[in-house]
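Chain by chain, the residues run as shown.
Protein chains: 2
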Amino acid sequence: MINKVTLYEKIIREAIDKVLLEEQPRSLFDPARYILSLGGKRLRPLLTLMAVDLFGKEVKKAVNPALAIEIFHNFSLLHDDLMDNADMRRGNPTVHMRWNANSAILSGDAMVIEAYRYIARVPADILPEILNLFSTTAMEICKGQQYDMDFEQRMDVSENEYIEMIRLKTAVLIGCALKIGALLADAAPQDADALYRYGINIGLAFQLKDDLLDVYGDPKTFGKKIGGDIVSNKKTYLLIKALKNANIGQREELGRWLSETEFDPEAKINFVKNIYDVLNLKTISENLIEKYYLASLDCLSLINVSDERKKDLINLSESLMYREK
Amino acid sequence: MINKVTLYEKIIREAIDKVLLEEQPRSLFDPARYILSLGGKRLRPLLTLMAVDLFGKEVKKAVNPALAIEIFHNFSLLHDDLMDNADMRRGNPTVHMRWNANSAILSGDAMVIEAYRYIARVPADILPEILNLFSTTAMEICKGQQYDMDFEQRMDVSENEYIEMIRLKTAVLIGCALKIGALLADAAPQDADALYRYGINIGLAFQLKDDLLDVYGDPKTFGKKIGGDIVSNKKTYLLIKALKNANIGQREELGRWLSETEFDPEAKINFVKNIYDVLNLKTISENLIEKYYLASLDCLSLINVSDERKKDLINLSESLMYREK
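One line per chain: the protein sequences are L and Z, in this order.
Our numbering numbers the first residue of the first sequence as -7 and each following residue consecutively.
Our numbering numbers the first residue of the second sequence as -7 and each following residue consecutively.
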């Protein structure tokens, strides 16, 4: 028998293949289909379907809002890549590199609207609630991206500010994906909320794991170059924690590397990683990831369905926690 | 007694003043409030309120969707200014000039979402229909902007293609603003559709008048420099028609001016305007505007309310047709 999650992934893949397939002009929609075709884990739409399944309902009716979430996620990647001036996305040229900045702007705009068109297809009786959740989440993601950009100019970002930023930029869409599934499955409000909080905690752990892998991942399995965040001065959890925990001498040296415009990337990665090692940040970070992971399981345990039904979600979140890429 | 339309304009102005007033971070929302504060005619939200009034209903409940339309309109100006590399908007620096390109991208994105949040506040029983109309319209506006950009690279744009482009880029939002008012006022479907078509025709006439004023406007009353479209090679109705109606010699000369990168703006304006004069394009254009204006009145006459109730809309559209700026 085919694994249920594998089946859901297939349903999502086939549905994504049909998004914006026929509409004209192609100059507007080809960039949208391009970024959607680059793949990725399809984690968010999968979570929507798994959430419906958690409450024992038919997943078919969740495909449209699941697509809305995946389209919105890819829109945010498209515009973020342009704002961050990133050349590559999943091993391929970004939209603004393959086309141009104007294409990236306008095709991204069209993707936001297309996401709303898929949201609009949910049953009318739950449309207001799902639409509000989706818009609140979408706005939070914009706020998260703005904080992320604002943090680039600051050396005094606190750990709490960082966690709030990744909550907005990453975690809320995972919570939203799950909660939309719960709402479609007519789950009890407290169950839908617990599932949302499960998603927030998983999302935070997921992003912290991302930060960690960028420095401590195995180059053989990681898929992209180790140390990219260090080279680009990205304000990750590790860097923020290092700036806080470093002694005066370490902080001064770190500051020098951060303000250097011409440098040997390998030398910078080695220096910063050494500071992280000395400050024990790998363990500190792993402990925080574990904390959020355990909190997510607590949320899941509050949901009033059998443990058997929760297995797929637990397996998935475990695989996210212990992933190597 | 205060004029009804003046009262509606005041309601809209006061409501716009409150949009995104309190939300954080300000770095995300100040650019949005800035472009919203630059004014303009507030034509679209006014039309929504006037449409509700046309059917004798209370306009208050239409304020939220009217704001949605004005916010979306200003989002499209914001992103279009960035894509067109425009320095000024309504006598003030554009958002990407006053802040930067990233601010323009992300604040514009946030405005789309904010527009949907205002749409979501309409009564639940008509939310699906209004949401679908709004999304269809929003997508059409993106398509119109894409065609407009695609036309820049082409010398063979037909009159029909041009009319379809301005229908998408300008007219559909005017139709949408009116139809949302009709739906909120519980108008009969055929009345709502006639009002939509009235808006499309007014919108087409409005944009053609814009093109015309840019060349033939009175410099004293027009408000911005005459001939801007000519200098920037914008594919307006006049230019498209000139390229079509010119004889071989005229077309060659016109082509030379269009491909010139260094030129005296006054000389180019004089040359192109002279071609327009010789080809009688002012009259041809005025006749087309008149055609759409008369078609709009035909649509209005189909609507099953008293002529007395239609007066405000007729006065407004007349003032748009005979405006000098």
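Please keep in mind that the hints were generated in silico from the structure rather than gathered at the bench.
Some clues are possibly wrong.
Stated by the list, open to error - Taking lysine to any residue pairs in the SDA-like style, the calculated list, with each CA pair at most 25 Å apart, reads:
1) Z/Lys53 x L/Ile122
2) L/Lys265 x L/Thr213
3) L/Lys53 x Z/Lys236
4) Z/Lys226 x L/Trp91
5) Z/Lys226 x L/Lys53
6) L/Lys10 x Z/Glu121
7) Z/Lys226 x L/Ser19
8) Z/Lys236 x L/Thr213
9) L/Lys10 x Z/Lys236
Claimed, not checked - Some chain Z residues well away from chain L (every beta-carbon gap over 12 Å; in silico):
10) Leu20
11) Ser99
12) Asp101
13) Pro115
14) Asp117
15) Met141
16) Ser150
17) Asp210
18) Lys236
19) Gly247
20) Asp269
21) Cys291
These numbers come from a predicted model, not from an experiment.
Ideal placement from N, C-alpha and C gives every residue a C-beta, glycine not left out.
Can we trust that Z/Lys236 is non-interface, i.e. its beta-carbon lies farther than 12 Å from all of chain L?
The assertion about Z/Lys236 holds, with a minimum of 22 Å to chain L.
| said: Beyond 12 Å on every Cβ pair: is that true for Z/Asp269 relative to chain L? | reply: The claim holds: Z/Asp269 sits with its nearest Cβ about 34 Å from chain L, beyond 12 Å.
Using Cβ atoms and 12 Å as the threshold, tell me whether Z/Ser99 really stays out of contact range of chain L.
violated (8 Å)
Can the restraint linking L/Lys265 and L/Thr213 be considered satisfied, given a maximum Cα separation of 25 Å?
Holds, because 19 Å separates the two Cα atoms, which is no more than 25 Å.
Please verify whether Z/Lys236 and L/Thr213 have alpha carbons no more than 25 Å apart.
Violated - the C-alpha atoms of L/Thr213 and Z/Lys236 are around 60 Å apart, more than 25 Å.
Against chain L, does Z/Asp117 keep a CB gap of more than 12 Å to every residue? Since the minimum Cβ distance to chain L is about 8 Å, Z/Asp117 lies within 12 Å and the statement is violated.
**Asked** Does Z/Glu121 lie within 25 Å of L/Lys10 when you go C-alpha to C-alpha?
**Response** holds (24 Å)
Check the hint pairing Z/Lys226 with L/Trp91 against an upper bound of 25 Å on the C-alpha distance. Holds, at about 22 Å.
Is Z/Lys53 within 25 Å of L/Ile122, Cα to Cα?
-> holds (22 Å)
query = Is the hinted pair L/Lys53 and Z/Lys236 satisfied, with a Cα-Cα distance of at most 25 Å?
reply = Judged against 25 Å, a Cα distance of about 52 Å means the pair is violated.
Going straight from one Cα to the other, do L/Lys10 and Z/Lys236 come out at no more than 25 Å? violated (39 Å)
Checking a non-interface call: every C-beta of chain L should be farther than 12 Å from the C-beta of Z/Pro115. Is that right? Violated, since 10 Å does not exceed 12 Å.
Hints 3, 5, 8, 9, 10, 11, 12, 13, 14 and 15 from the earlier list are contradicted by this structure; the remaining hints agree with it.
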